[in-house]
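Asker: As a plain string of letters, each chain reads:
2 protein chains.
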Amino acid sequence: MNSPPLEQLAGRVREAARVLARAPGSVRDDALGLAADLLEDERASLVTANRADLERAEAAGMVEAARDRLRLTEDRVHAMADGLRKVAALPDPVGEVTEGWVRPNGLKVTRVRVPLGVVGVIYENRPNVTSDAAGLCLKAGNAAFLRGSSSALDSNRAVVALLRRAVVKAGLPEDAVALVEDTSHETAVAFMQLRGLIDCLIPRGGPALIGSLVEHATVPYVLDGDGNCHIYVDGAADLSMAHELAVNAKTHRFGVCNAVETILVHAGVAPEFLPRLAASLETAGVEIRADERARHHLPDAVPACEEDFATEFLAPIVAIGIVDDAADAMEHIARYSSGHSEAIVTSDVSVAERFVTEVDAAAVLVNASTRFVDGEELGLGAEVGISTQKLHARGPMGVKELTTLKWVVRGEGQVRR
Amino acid sequence: MNSPPLEQLAGRVREAARVLARAPGSVRDDALGLAADLLEDERASLVTANRADLERAEAAGMVEAARDRLRLTEDRVHAMADGLRKVAALPDPVGEVTEGWVRPNGLKVTRVRVPLGVVGVIYENRPNVTSDAAGLCLKAGNAAFLRGSSSALDSNRAVVALLRRAVVKAGLPEDAVALVEDTSHETAVAFMQLRGLIDCLIPRGGPALIGSLVEHATVPYVLDGDGNCHIYVDGAADLSMAHELAVNAKTHRFGVCNAVETILVHAGVAPEFLPRLAASLETAGVEIRADERARHHLPDAVPACEEDFATEFLAPIVAIGIVDDAADAMEHIARYSSGHSEAIVTSDVSVAERFVTEVDAAAVLVNASTRFVDGEELGLGAEVGISTQKLHARGPMGVKELTTLKWVVRGEGQVRR
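In order, the protein sequences belong to chains A and B.
Numbered by numbering that gives the first Met the number 0, the letters in the first sequence go through residues 0 to 416 in order.
Numbered by numbering that gives the first Met the number 0, the letters in the second sequence go through residues 0 to 416 in order.
Please keep in mind that the hints were generated in silico from the structure rather than gathered at the bench.
Watch out, some of these pointers could steer you wrong.
Given that identical chains are not distinguished, each listed pair holds provided it fits within a single copy or across any two copies.
Unchecked claim - No farther apart than 25 Å at their CA atoms in a straight line, the calculated lysine to any residue pairs in the SDA-like style are these:
| # | residue 1 | residue 2 |
| --- | --- | --- |
| 1 | Lys85 | Ser337 |
| 2 | Lys85 | Pro298 |
| 3 | Lys85 | Asp29 |
| 4 | Lys399 | Arg353 |
| 5 | Lys399 | Ala169 |
| 6 | Lys399 | Pro92 |
| 7 | Lys107 | Leu379 |
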């Protein structure tokens, strides 16, 4: 199948978005339900399409961890279908009146939540992102314009073909979901520059993708950024709570953006706290890199260098530092934080409130694990990503973050004097 | 005075923003009040500083309209001071809890409005923008990092020096307001690329500035875009209301983004409506460019070309077209609109609601003049600009749009299982 030139395809997706924007929520939900059914019915053919990708990947020498991300199994297809059904069951974000008032001249002013239009998603080799991202876009009334990686092209084509069948079956235009099949770097850059045709671009991938986007994109985008997250154990902390929180935040999962990478400990509690903490972390297989002060209590730890405090390890490694007080901890956090999630453990309410006010991050937690900073865990139902930028969306993004607001003004002939 | 290198200045502004973020609203309001007083006390020296700019401008052959924008008079300085006092009197946007809930595990989740941090403003030669922009930034708890044009450098230096005195007098760091004194193009580009140091960049200027920003900026920005606005007179319109609205929307002020540039008229009412409308517009000095169908009723009108419907005239010129119905009008609007403000005049509620739902613009108005799409007129108190982008802020932006949200999560030791 020959794919149309990028601009032409983008124009068709834009037209589809206009139709979608006026489709009732029930029709969009139907499309998601039909898509879930089709994915399950056709799971065998999806696995077959995926096998072609996997064979190419193996021939090209792709490492097993990457091939695992690329792999579709029948179970994984079921999970994709479940994800679509879960998104369909969420409340419709479109049409919400977020605020409104009447002006002295009688004008009735409201702000109404509406779809963004065309949402572009550019991502790497996990084919489940294809249905996840398309599902969230459709739920919020947006057309999904997808650009996956070349390694997953056969899988993505197969998934998108099913999604398009479902969309048409629900009475919506097939270009409500579209895949860019030309996976060259030049086309990726052209995709990032479809100004006026893409309303919002969301990258799902690593630092190379983010860097390319920041350099090249002229369309508006929302970045899913790094998480160099800290937990600060205050002098007034309940130390057994602090122990449990630090271990959970570091060891619950290593490769995620809301895992803790640095543990900062108040000097007053370090002698009691650190040896026990280190024992639990070592049992969990975590390598400790400690600053000079912390090494007084952790003689076996690797010495931490400046770089360790600036690194998102995404691995069973943790940096540990001793600070004099909460102010010192906040200075450290201001210097090294990526603005994702920052936690304090304390029973002193004034220290807690100061931390909450002064720490500049998407999420600030008191006496809770950073692992909760996630759309599902915070109660958004589904997650598009976690933004570390400050404009438009900050922190976990739900379907609401795939919408915008429209001012609606109703009058009876008012003119401006 | 030698100004520090850009990155060094940006670092200082960033530090000041951290202090500002925790300053109470009363202190920020004090700073605005003190700044207003200082502007008025020092108005003579501001006018003197401005004279140097005006003399350079005249020597360089700047046209009078541009020199008028550059000019500071004692009255204009009073207006700047009044603007600061008005902004100080607005409710504090910082600290608002926009939503919150308790999770099944007991975690208390809230979203709290907080300052963006450092707001960059890049603008052309109106020195009043210096105090207006700084005032709005400070109100929302942000440091104001300003880059004005070379033609207004003496004026901007003088205004910023007073603002910094006021800020210090209120107990805040002087770098809460800072001016980039190097007005070269290279520094403007470097300013747009201070990623990690500027949290939000707002351009106040024409298409050349916007174009440069879209091309070069790597920091997040909010665009204040063009307004190619339409008013559609439906077949079911009250024609005397439609007449008044169309005349107001076109002639109340010509050079503004919320003025109407195209009037679309339902074929059924065109014979009655158009000749009367044309007479009023001509009396107001407006040149009419009509499409072929409209010229049947307006034989003296200039023939409109395709380009006329795509142009934001910002002048006493209007394009007029005849359409078959509301759907036809919406097609025209979808093709030519810049997504700013679109109005319909109709007494048919189902046509009105369809227009409201389907037209994709920052503001959609029913039976009201597009001239109301403005921060003050819609009730925001003060206006940072009018955004035609969909992310972060759309339509008139008040001080609230100079803030972001922070997730605050309070627990009692919850860990993720």
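Asker: Indicate, hint by hint, whether the structure satisfies it.
Answerer: Consistency of the hints with the structure:
For a Cα distance limit of 25 Å, the shortest separation of Lys85 from Ser337 qualifies neither inside one copy, at 31 Å, nor across copies, at 36 Å. In this assembly of identical chains, the alpha carbons of Lys85 and Pro298 never lie at most 25 Å apart, being 50 Å within a copy and 61 Å across copies at closest. With identical chains, the CA atoms of Lys85 and Asp29 are at most 25 Å apart within one copy only, with a shortest distance of 12 Å there and 50 Å across copies. In this assembly of identical chains, Lys399 and Arg353 lie within 25 Å of each other by CA distance solely across copies; the values are 23 Å between and 30 Å within a copy.
Within a single copy, Lys399 and Ala169 get their C-alpha atoms as close as 23 Å, which meets the 25 Å cut-off; across copies the closest is 39 Å, which misses it. In this homomeric assembly, Lys399 and Pro92 come within 25 Å of each other (Cα to Cα) both inside a single copy, at 6 Å, and across copies, at 21 Å. In the homo-oligomer, the alpha carbons of Lys107 and Leu379 lie at most 25 Å apart only across protomers (14 Å), although the nearest pairing inside one protomer, at 31 Å, exceeds that limit.
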